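Enquirer: The residues making up each chain are set out below.
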Amino acid sequence: MPFAHRKEAPTFEFHRPTPGEQLIHFEHLQKSFGAKRVYDDLELDVRAGETLVVLGGSGTGKSVLLKCLIGLQRPDAGRILFQGREVTGFSEEEFIPVRRHVAMVFQGAALFDSLSVGENVAYPLREHFPEMPLDEVRQRVAEKLALVNLPGTERLMPSDLSGGMKKRVGLARAIATDPEVILWDEPTTGLDPVTTQSINSMINSMKTKLGSTSIVVTHDLVSAFAVGDRMAMLANRRIVQVGTRDEFRRSTVPEVRAFLDARRVELEPGGVS
Amino acid sequence: MSPSAEAEVPAAPVPERPGVVERTKQRLESLGAMTQMTGQVLSRAVRPPFDGASFIFQVETLGVRSLPIALLTATFAGLVISLQFGYFLARFGVQYTVGRVVVLTLFRELAPVLTALTVGARLGSGMAAELGAMTVTEQVDAIRALGADPLRKLVVPRVLACLLVMPVLTVFADVVGLVAGALVVNAQYAISLDLFFQGALDAVFMMDFLSGVFKGAVFGFIIGLVGCFKGLTVEGGTEGVGRATTQTVAITSVAVCLADFFITKVTLYL
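Sequence order for the protein chains is C and X. Per UniProt numbering, numbering through the first sequence is continuous, rising by one, with the last residue being 273. Per UniProt numbering, numbering through the second sequence is continuous, rising by one, with the last residue being 270.
Accuracy of the hints is not assured; some may be wrong.
[To be verified] DSS-like cross-link-like pairs, simulated, lysine-lysine; straight-line CA separation at most 30 Å:
| id | chain 1 | residue 1 | chain 2 | residue 2 |
| --- | --- | --- | --- | --- |
| 1 | X | LYS153 | C | LYS166 |
| 2 | C | LYS166 | C | LYS209 |
| 3 | C | LYS166 | C | LYS207 |
| 4 | C | LYS36 | X | LYS25 |
[Claimed, not checked] Derived coverage of chain C by chain X (criterion: at least 3 residues anywhere in the stretch with Cβ under 8 Å from a Cβ of chain X; other residues may be distant):
| id | segment |
| --- | --- |
| 5 | 104-110 |
| 6 | 119-132 |
[Stated by the list, open to error] Distance ranges between label pairs, derived from CB positions:
| id | chain 1 | residue 1 | chain 2 | residue 2 | range |
| --- | --- | --- | --- | --- | --- |
| 7 | X | ASP51 | C | SER162 | 27 to 33 Å |
| 8 | X | ARG27 | C | HIS15 | 44 to 50 Å |
| 9 | X | GLY237 | C | THR208 | 33 to 39 Å |
Don't read these hints as lab results, they were simulated from the structure. Just so you know, these numbers come straight off a predicted model, no measurement behind them. Virtual Cβ for every residue (Gly too), placed ideally from N, Cα, C.
Here chain X stands alone, though its shape is the one from the complex (with noise of 0.2 Å):
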């Protein structure tokens, strides 16, 4: 092309980016827009009519299909920390409390917190695009034009979902991964599975149980109410469905993060 031709080709236009003061505006009224959706969301779920159908098939859909990336990573998860405890138990000459170890790590905090960013990135970013994509193809105008209700209809049997499977999830983590590190720990450092399963009995509490079930079905409630809100949020077409969907990953990996620090100050005081 001659350099004459390319002068003749106009700049494309730069989409002016807004500044911090406006960036911090939009941020807060979408915290406010999301915190008002979550009391919305919660009055509906206690109020009938429920859908159950679509409560199932959210439950079939989001957790059930979720089921073998939360026992891979369980399974790793339980197999490296087994792996590691023992490498360095045994250098103090107490590698027989692996099991311990293991079990404490994994219920109170792995099980949970890995399912949670791995199933959530899956859960919440397919939910950011499949009500993303209702958003901008006018469907969930539809609902509201035909007489019936988004929240009810879409978000309240997504979170009702979450809230349930996650907790499930993490139950199903606590068990595979505790397996997966005594078989690991058994073949490794010959440590039989009799004083594994023996230590991890002895050491472990209801609550420790417990806390990690309830950080399971915060998390889910977290990562549904996120997923569903960027959905419905969504702005500018398709590529407002893509940034939906990324944005859903990275507040759920963020704010699952936050609130396991927050749990865990709390419980362990429990």
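Chain C with its partners taken away, still in its complex shape (with noise of 0.2 Å):
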């Protein structure tokens, strides 16, 4: 069962990483759902302090390589290594500590619908704080709300929202419980430019005021560029190339060669927009 539960008392402990260090590692990973095969040996690092682009097509598997990470996904083979800890065989509760420090926003945002602002981004601290007064909890739900620039808002339903501010509660409310590392999930898929911009400065400001690790999957290239420090391409049910921005931009790696050229036959004067 997907939301299966053990009773295995949770054992993870995070130390903190120094910049540059690896943090998360891939290992060999296969993933099928039934016939469809995801992932046949996929491979990859993720070193602390960065923030990584996983580049690819629809229907590659960018999304399932996240929720691998944090067990919303189990692969069938191979290791995730965090902090050299394997955590692939951990059980629904023992990915909870896990996820106290690896925090995902989703593509959808997926706030509930039935919460106010202030109780989706109030969520995660209850869930993980459950001592913590009512009066900080308020607090840090202020000061995350502050930090997405949606001050004041706590009391407005999700369905008072646009895309880009729920996109913007949905950060707050991943980065309420301080985590080490953002996932996020087609973060400007669906957004206007202007939005889209907002959400690139977002993550570039997440890592540098709270010195989160960052593993973005999109198709977007202009926001991959914008915020990768290093990129991914997912393609073939692997991964073909890893490299800086400028390698990306000069990569001769077919698929990679494609997906680049591709989109800027879109950014041409003339060519689909």
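The task is to assemble the complex, starting from two chains supplied on their own in separate frames and drawing on the hints.
Expert: Right under this line is the structure:
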């Protein structure tokens, strides 16, 4: 069952990493959905303090990669190491402390419809820190909403918000527990260029303000080059190239070239926008 | 459109329907997963922390708001069976026994089953649609990602609320159905209210009443579990939510009828 829980006591402990050290390692990862194979032998490293962008077309399994990292999906084979500790076989209960340190911003924000903005942002605080006094919860909520440029919106309902505002509330909720790693699932999909720019700024500011590591999965090249320190291309069920922005611009890997060139055609005058 | 233009339009791909063996396997897997979820829900229901506020909210949402439809169904059930029994018992000259027959039929059978079928369809489909929408919009994933347990947060309060409200609604249906029946036979067959209720009280035993209430509890548990399970296992976006909703109504209706037969069989010998 995807929502099963086991009883083992949580044992995961997070150590503050030094910038640049290997934080996360995907090793020989394999994953299928029925007859559809998503990963064959996926290998990828994430370093502390960087923003790694995972590029790839629709349906290549970019979001699944993020979900495997925090146990929302389980790989069929292979290992995922977090600070050298294998988390692949963790039970649902063991994953809870991992999820305090690794937060996810969902593609559609995934705000709880029945809760106000303030209650949404307070949700992880109540779950991870049930003893936290109400005043401190309120203060943390206000602080995180201010950080995403939405101060004073605690009483609004998700239905009152625009797409970009929802993403920002989703971010405020994700960073409520001060996580060390933020996973961004298609953060700019479906947003207008101005809002896209503000989300990109937000991703960059999280790195400078919170010192967090980010993994961003997207097929938006403009956003990818705006936020990525390093980039990885997921195609043909594996990572075909990992490198800096410049290495990607000069890439001769056919899958990367095809992806970049297709987008260039779209951006040229007369191209499909 | 010219024939040549028609020829250029590619035919929409027809999804391949799985064979009988594959479908049977899928259903057995689904049954196994639901059984597993039942165990997990029961273990969480008896272990703290308990979410009292969520439980009360669900009782209000699922129970109080279902009261009008439960009472309306019970009223008409009481009216119809009283008319029918009054008419046929008069053929044998024993129409004064109508209160006895109506009370037993209502308490043991009609009140719990009709309440489960009408209210259950509302509750089950509502839960499947709500949790299904949460599943496809990744809100269930978000609950897990934020360190909470969807079974404890979403399923346990709903199942426990169903377990409580269905027997209560059954009792309401018993009373309202009986009163409606008494009024109609009084008006139609000139049987006094005193005679009707005296006959009813003479005929009914506590076991008759309790067997109906017990049925209500079992039906409530089934409805809660099926609705939540179908909602949490939705696949295929909004289309999948619609499918889960209709499947919930079909499964709960069949399950209620099956459970009714076996509970009746057992309680008749108690």
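Enquirer: None of the hints should be skipped; say for each whether it holds.
Expert: Quick rundown of the hints versus the structure:
1. X/LYS153 / C/LYS166: OK: X/LYS153 and C/LYS166 at ~23 Å, within 30 Å.
2. C/LYS166 / C/LYS209: holds (21 Å)
3. C/LYS166 / C/LYS207: holds (20 Å)
4. C/LYS36 / X/LYS25: OK: C/LYS36 and X/LYS25 at ~19 Å, within 30 Å.
5. 104-110: holds (count 5)
6. 119-132: With 4 residues close enough to chain X, the hint holds.
7. X/ASP51 / C/SER162: 27 to 33 Å: holds (32 Å)
8. X/ARG27 / C/HIS15: 44 to 50 Å: holds (47 Å)
9. X/GLY237 / C/THR208: 33 to 39 Å: Roughly 37 Å apart at Cβ, these two residues keep to the hinted range, so it holds.
Checked against the numbered hints given earlier, this structure breaks none of them.
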